[in-house]
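A.B. asks: Residue numbers (the numbering used here), protein chains in the order written: chain A, 8 to 235; chain B, 4 to 448.
Simulated from the structure, these hints should not be mistaken for laboratory data. Any given hint might turn out to be false.
Unchecked claim - For lysine-lysine, the following DSSO-like pairs were computed, each having C-alpha atoms within a straight-line distance of at most 30 Å:
id	chain 1	residue 1	chain 2	residue 2
1	A	76	A	46
2	B	89	B	220
3	B	36	B	433
4	B	171	B	89
5	B	124	A	76
6	B	125	A	76
Said to hold, decoys possible - Using C-beta positions, here's what the derived DEER-type ranges look like:
id	chain 1	residue 1	chain 2	residue 2	range
7	B	301	A	230	51 to 57 Å
8	A	213	B	84	16 to 22 Å
9	B	121	A	36	43 to 49 Å
10	B	221	A	79	37 to 43 Å
11	B	37	A	48	40 to 46 Å
Stated by the list, open to error - Facing chain A, from chain B, some residues (calculated, C-beta under 8 Å):
id	residue
12	11
13	14
14	77
15	78
16	81
17	183
18	255
Idealized CB from N, CA, C, for every residue including glycine.
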Amino acid sequence: MADSLLAVFPSPAPIDLARTLDLAGYRWKAVASGAEAAKSEPTDGWAGAVVMCDDDPESGWALCRSLRKRDVPVQRVLVMVNGTQLADLEMRDNLFDEFCLTPFHPRELEARLRHLFWTQLTGKHEMLVEYGGLVLNLETYQSSFGGQALDLTYMEYELLKFLAQNPGKVFSREILLSRVWGYEYFGGARTVDVHIRRLRAKLGEEHANLIQTVRSVGYRFGQSKWSV
Amino acid sequence: MNEQQRDYVLRTVEERGIRLVRLWFTDVLGNLKSFAISPAEMENALNDGMSFDGSSIDGYSRVQESDVLAIPDANTFEVLPWVDAKGAEARVFCDIARLDGTPFDGDPRQVLRRNLESARKKGYSFYIAPDIEYFYFAPPVAGQQPVLLDEGGFFDLTSTDIASSLRKETIRTLETMSIPVEYSFHEDAPSQHEIDLRHTDALAMADSVMTFRFVVKEIAALHNVHATFMPKPLENIQGSGMHLHLSLFTGEDNAFHSADDPYNLSPTAKHFMAGLLRHAAEITAVTNQTVNSYKRLVPGFEAPVHISWARNNRSGLVRVPIPKRQNESATRLEYRSPDPACNPYLAFSVILAAGMRGIEEQYELPTEADANLFEMDDEMLAKLGIAQLPQSLSEALTVMEGSSLVAEALGDHIFEWFLRNKRDEWRDYKTHISQFELGRYLRST
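Can you build the whole structure from these sequences, using the hints too?
C.D. replies: Rendered as structure tokens:
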């Protein structure tokens with residue numbers, strides 16, 4: 008990791024964070040926003056990011072989002088939140104890979120960073136999403152159910168991928184729109200319902216309840232791991 | 004187009020061993036047009052579009068510029084559910100552009116896009132759910148009466164069996180092509196069927212209607228049956244309509260819904276409906292574009308004849324259905340005159356334009372006509388201020404010709420071409436001597 012660069016938020020970086028990163032041997036650069044991160048990104052891309060959300064969570068999460076929502080998302084994002092912000096982590100699983108509580112212990116942060124880079128370097132990155140009979144291959148964009156190829160349009164695939172990566176969680180239409188469509192959608196907010204119906208139709212009657220409607224909230228895919 | 008979306012399409016072509024990609028688009032009359040490209044050309048097509056000679060397409064022709072570009076809408080890329088021995092095929096709907104990339108004004112899909120965009124600027128997205136009726140017949144013989152499936156011992160199976168298995172297979176196919184079905188049943192008339200589609204935004208729905216007509220015909224043909232969307236194929240039997248359930252949404256909210264109104268209709272819904280009613284005659288040539296369409300719009304067959312609205316009156320042009328449960332998103336208007344032989348892109352465009360005009364100019368909604376209009380004489384109707392829909396294609400064209408609303412919605416190119424083409428159709432019809440005339444006048448005069 009010697010020559011790759013981490014983006015660190017906020018800018019300037021808090022002194023104890025800077026010291027921990029330096030002592031652990033990481034090269035890093037503080038950035039104040041997504042725009043700045045894009046501007047000062049090295050040619051081979053950010054190797055990762057450490058985003059401290061405790062003082063300015065809004066800008067922190069906005070930065071995470073801008074690092075992830077692009078053609079080649081930045082892998083290895085570690086966010087730091089304080090004990091009262093744990094709820095913020097919910098439904099943002101796609102925006103970070105690891106987290107650490109503040110105030111932090113330097114040894115803990117170091118251990119978490121080491122582990123984060125280890126899993127990514129050994130290529131343990133999950134390219135298959137599986138649930139019940141459903142398999143999504145994130146590399147080839149192919150999907151199947153019960154061994155049968157499932158022919159999905161791009162947005163159907165993206166929606167199913169997002170849901171299947173978060174089984175058991177309830178998502179509102181707005182969340183799905185912003186996470187899956189990224190605000191650039193043509194048909195208005197009902198688009199989500201339309202695509203859910205299409206997915207159910209394609210999964211077939213007997214599996215249509217894999218995607219459940221949660222009244223006046225939104226949709227849930229499958230069962231939570233914890234509730235089975 | 005977004006990079007990932009393009010990758011998705013290209014990877015799917017590769018992974019699924021797609022042999023041909025069919026580029027689909029629609030001519031001005033609503034016929035599905037298609038040309039096929041090899042998988043190797045697909046990347047190119049997604050990046051730059053494929054150029055072709057538009058002069059052979061009805062309504063596209065322009066003397067100076069006959070070459071146009073078909074630009075695939077990657078969102079509609081779909082593997083076709085029937086596979087032949089040689090391998091799988093896929094289809095993608097295209098927008099047609101001039102060679103410089105600007106929208107081609109002869110393309111109905113671009114026309115609908117433009118109309119939807121102007122509604123979107125005012126904060127509305129337009130949703131449609133059609134109920135599509137059609138007939139199954141024995142394969143037609145030129146010049147002969149259509150033969151119903153329940154006639155003439157055409158099938159070994161009873162006709163109900165074959166028709167319902169056809170319908171089931173059709174629905175299964177539609178559902179694998181991203182077209183969920185709400186409802187399907189055998190209509191009142193023999194051999195007539197109805198399939199109701201679940202609502203989507205109007206562009207996706209126009210694509211779905213095109214796919215629907217193709218799938219219904221294709222699957223029937225595989226079983227040596229002829230499916231037809233002709234509006235009135237049989238004289239004394241009700242015709243085939245395409246009732247459209249319409250709603251406008253602002254974000255997640257149904258702009259047609261109001262909890263305070265006895266009919267749950269918001270002021271927006273009422274203005275929209277008033278717009279539809281006021282401009283109904285002008286848009287009828289587009290929603291009912293054949294000579295034959297007007298033989299459906301006659302009293303006695305549950306097809307609308309008068310320009311009126313009501314909650315429960317199926318003789319009216321606009322019906323306000325009572326939503327199931329207290330479902331806010333189900334508040335809608337049902338526009339009952341269109342038939343399934345229309346061009347859905349153009350029909351949805353003029354309907355939206357009429358409704359939006361009502362909203363912009365805050366048209367006053369006329370009073371509800373809840374009596375059965377078919378039982379009233381002309382005098383009574385006149386007293387109620389209830390006009391009739393155009394009685395023939397010719398009449399409809401005359402009203403359309405004077406409509407700046409329709410000209411604006413369709414754009415000059417299509418407006419003028421459509422009028423010219425349909426005037427020709429009427430002229431051909433006028434020179435035809437019908438059975439009716441021979442039977443009535445040959446001996447008596």
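A.B. asks: None of the hints should be skipped; say for each whether it holds.
C.D. replies: Going down the list of hints, with the structure as the test:
1. A:76 to A:46: With a Cα-Cα distance of about 16 Å, the restraint between residue 76 (chain A) and residue 46 (chain A) holds, given a limit of 30 Å.
2. B:89 to B:220: holds, 22 Å
3. B:36 to B:433: Holds, because 29 Å separates the two Cα atoms, which is no more than 30 Å.
4. B:171 to B:89: holds, 26 Å
5. B:124 to A:76: OK: residue 124 (chain B) and residue 76 (chain A) at ~26 Å, within 30 Å.
6. B:125 to A:76: Measuring from Cα to Cα gives roughly 29 Å; hence the hint holds.
7. B:301 to A:230: 51 to 57 Å: Distance hint for residue 301 (chain B), residue 230 (chain A) holds at roughly 56 Å.
8. A:213 to B:84: 16 to 22 Å: About 18 Å separates the Cβ atoms of residue 213 (chain A) and residue 84 (chain B), which means 16 to 22 Å holds.
9. B:121 to A:36: 43 to 49 Å: holds, 46 Å
10. B:221 to A:79: 37 to 43 Å: holds, 42 Å
11. B:37 to A:48: 40 to 46 Å: Holds: the Cβ-Cβ distance is about 44 Å, inside 40 to 46 Å.
12. 11: holds, 4 Å
13. 14: Given a least distance of 5 Å, the restraint on residue 14 (chain B) holds.
14. 77: holds, 6 Å
15. 78: holds, 6 Å
16. 81: Interface hint status for residue 81 (chain B): holds (6 Å vs cutoff 8 Å).
17. 183: holds, 4 Å
18. 255: Since chain A brings a Cβ to about 4 Å from residue 255 (chain B), closer than 8 Å, the hint holds.
Every hint, counting from the list given before, is met by this structure.
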